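K.L.:
Residue strings, one per chain:
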Amino acid sequence: MTMSNSTKLVPTPGQTVGPFYGYALPYDKDRELLAPGSAGSIRLQGTVYDGAGHPIPDAILEIWQPDAEGNIVHRTGSLVRDGYTFTGFGRSSVGNSGVYTFTTVNPGPTEPGAAPFISVVIFARGLMNRLFTRVYLPENEEALAKDPLLSSLDPERRKTLIARRDADGGLTWDIRLQGEGETVFLDFDGTGTGGATK
Amino acid sequence: MPEDVNLATYNADALTEDLSDAVPATPAAAPADVPVEAPRVETQQDLSAEIKALGDAYAKALKDGTAPETQPRLDFAPYRSSILRHPTKSLHHADPETIELYSPAFGHQDVHALESDLTIQHNGEPQGERIIVAGRVLDGDGRPVAGQLVEIWQANSSGRYIHKRDQHPAPLDPNFTGVGRCITGPDGSYRFTTIKPGAYPWKNHLNAWRPAHIHFSLFGQEFTQRIVTQMYFPGDQLFPLDPIYQSIVDQDARDRLVANYDHDLTQPEWALGYNWDIVLTGSKRTWTENEALGAEGDDHE
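Just so you know, the protein sequences line up as chains A and B, in that order. For reference, each letter of the first sequence is one residue, going 101 to 298 in this note's numbering. For reference, each letter of the second sequence is one residue, going 229 to 529 in this note's numbering.
Residues of chain B clear of chain A, computed beta-carbon distances all greater than 12 Å:
hint	residue
1	268
2	273
3	280
4	293
5	413
6	421
7	499
Quick list of simulated restraints, FRET-style, between CB atoms:
hint	chain 1	residue 1	chain 2	residue 2	range
8	B	402	A	135	33 to 43 Å
9	A	135	B	434	44 to 54 Å
10	B	292	A	108	17 to 27 Å
11	B	513	A	255	27 to 37 Å
12	A	169	B	513	14 to 24 Å
13	B	268	A	245	52 to 62 Å
14	A	136	B	396	29 to 39 Å
15	A	185	B	398	37 to 47 Å
16	B	497	A	199	45 to 55 Å
17	B	268	A	269	46 to 56 Å
BS3-like mimics (lysine-lysine), calculated; alpha carbons at most 25 Å apart, straight line:
hint	chain 1	residue 1	chain 2	residue 2
18	A	108	B	291
19	B	392	B	431
20	A	246	B	317
21	B	424	B	392
Quick caveat, the hints were computed from the structure, so don't treat them as lab data. Predicted, not measured: the structure shown is a model, and the values here were computed from it. In this text, a Cβ means the ideal position worked out from N, Cα and C, and glycines have one as well.
Based on the sequences and whatever the hints tell you, model everything.
P.N.:
Here it is, written out as C-alpha cells:
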C-alpha cells in the first residue's frame, strides 16, 4: 500500500551549522564506520575548500552508504559503536587543514550493474544550508557511464563526484564549495532548495 | 550576489571573520572602478542597508509573481562568511536513489533518555531561565518522523558557548554544557529541558549580535531530509539586524524558525514552555504499509 499524500507542509528552513558545533556534533569513533585496520577497511579522505582555494577549517561532513555487498543496513549503533556492527553512517569534522577522514568499506552496488556511491552531506560555518552530494568509486567505467546522475553532467563537472583511488586502496575526494572545480551539489526537491540565487 | 559586491572586497579573512579578536574586514583592496576609501569598520547600519536592499528586491519579485522562497539563500552577502562558501552553480536536480531513500537508524543504544535534560548534566543547577522546548518532527506529507535522532546545542544564559574558540567575555557556567539529544517518539515528538540561551556578539560587523537561538540537527526517514537549523524565541528585537536569520528573505519562512510560547507546556514553579514543530522535506520513497503505520523495519533491506 502506498500512503496517499494527504497534507503538504512547507519544510522548515535550514540555517548554518555555525562555528560552535565542535562540542556537540562530534562523538567518539564518529568517523570509524568500522575499526581502522580491520579486514576490508579503507580510508576515505579529502579536503574541503572555499572559493579562494583555501581549506575550510570549520566544516563537518556526514556519509551514509551501503555495505560492501550493496545492502542498505538498518542497524542502530552509529553513535555508540560496538566495534562490530556496520551501520553505514559516519560523521567527520575537518581539522585545521580542512581535511576530513573516514574509515569505511567500498560500498557495493545496490542493484546489479549500478555504480556504487556514498551519499554525502556537508555543513560549514558560512554555509547557510546543508549541501548534498555523492562520491562514486572510480572503478567500473561501464557502470559509471550508465549512471543516471553522472550521465546528466558535462565531463568537467562529472569528475567532481568521482574519487581517486590511492595506492593504499583508500579513496581521496576533495570538495570545492565554490569556483574552479566546484563540486556538483544536489537538489532532490526540484525547488532549488536553498540554491544559489542570482 | 548583488551586482555591487566585489569578492575581493570581502575576502578579508574568511576563516576568522566571525571568530577573530579584531572586528573584521576593512577591504584589502578597493575595486578599480570606485574611489579608494579610507579603511573603516562595517557597522550595523551598513549591514542593515544591505539586508534591506535584498529584502526590497525580494518583495518586488514576489509582487511580480515569483514563487515565495522557503529556505535561506546560500548566497547572502550580509553574512560575510558565506561569500566564499556558497556554490555559484545551481544545485543539480537529481532523483534520489537507493541509499538516499533511507536513513541511518538510531535507537536507545545510541541516546540515553537523560540526554534530553540539559540541566542535569553536572552537580548543580545551571544559571538562567529554565525552559522546556518540545514539539513534533513531521515530514512534508505531515507524517510523524518516529524514532529518529534530534541533536541540539546552544550558548548558556549569558550567551557563551563552551567551545574553546568562543572568546566572548561572558561567564562560562560550570553546570551547563549546552548539548542535548533525544530520539523522537512514535508521534514524532521530542522534548528538551534546558536554559534559555543568551544573545551573543560575533564579528560579522561592528556591534553584531545573534538573536538567542538553539541549534537543531534532524534526521528524517530518508537521508535527503537531513537538516541542521536554528530555533529562535518569539519577539526577539535582534531579528531585523541578524544576517543569518535574514538570509531567509521570506517572512513566512522565517517565522517557521520561531518557537511559540506555550503556557500549556509551562510547568508551575519550574519552567517556561516553548513549542516548535519541525517539518522536513517530503518523502520520495514509496512506503510499505508497515512503515506507513509507524513500524520500523528491522535489519536488512
